[in-house]
Amino acid sequence: MKKQGFDIHRLTLTGYLRALSDMNVLKEKDVPPAKIYTPIKGKERDIYLKVAEQSKILALDKYPELTLYTLYKLFKRPIFKEELERAGIFEFSPGVQAKEEEIADARKFMQKTGFKIPTSSKAYVPMNEDLEDMFHILLVQMLVSDSECSYLVKETKQAKLDL
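One point on numbering: in the working numbering, the residue at position 150 of the sequence shown is 150, and numbering is uninterrupted.
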């Protein structure tokens, strides 16, 4: 590791690896005389969590509506209750129930992609079309945060004084 520029003591590194193992980020496998650490699958944030997280940052008071609107615009179909639950929306529906024909088409599509949607599951479409501007801002925020380039974004405008 020193050749690659990492000058860290082996006991310090072992401590970090054990801590990550305790937090269920890494899986520890005992192969005497060593231990092998591998990442645990499924810890990645999916699109539902990313959209919900950015919606909360952008508009906490409208986050369920903005999350539904964003998912609806991204996926171009009604959003099922199970998908909203994956995004952390459990209590109420932030939109109106989709038509039966739309729900059937969306269910058929989801089954083709490997998702199991119960036949009794409801799907929703947004009732608020005035979220388009927030939708665009949310997409930009997601792109910047996922590509880790926020340090390149100029946050403030420079003001000029006219005399």
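Any given hint could turn out to be false.
Claimed, not checked - Only pairs whose alpha carbons sit at most 30 Å apart, straight line, appear in this in silico DSBU-like list of lysine-lysine:
(1) K35 with K56
(2) K99 with K41
(3) K41 with K116
(4) K99 with K112
(5) K99 with K73
(6) K108 with K41
(7) K56 with K99
(8) K76 with K108
(9) K122 with K112
(10) K99 with K76
(11) K35 with K2
(12) K154 with K41
(13) K116 with K50
(14) K76 with K62
(15) K122 with K108
Treat the hints as calculated values from the structure; they're not laboratory data.
>> Please list, smallest to largest, the hint numbers that this structure does not respect.
In response: Those not satisfied are hints 1, 2, 12.
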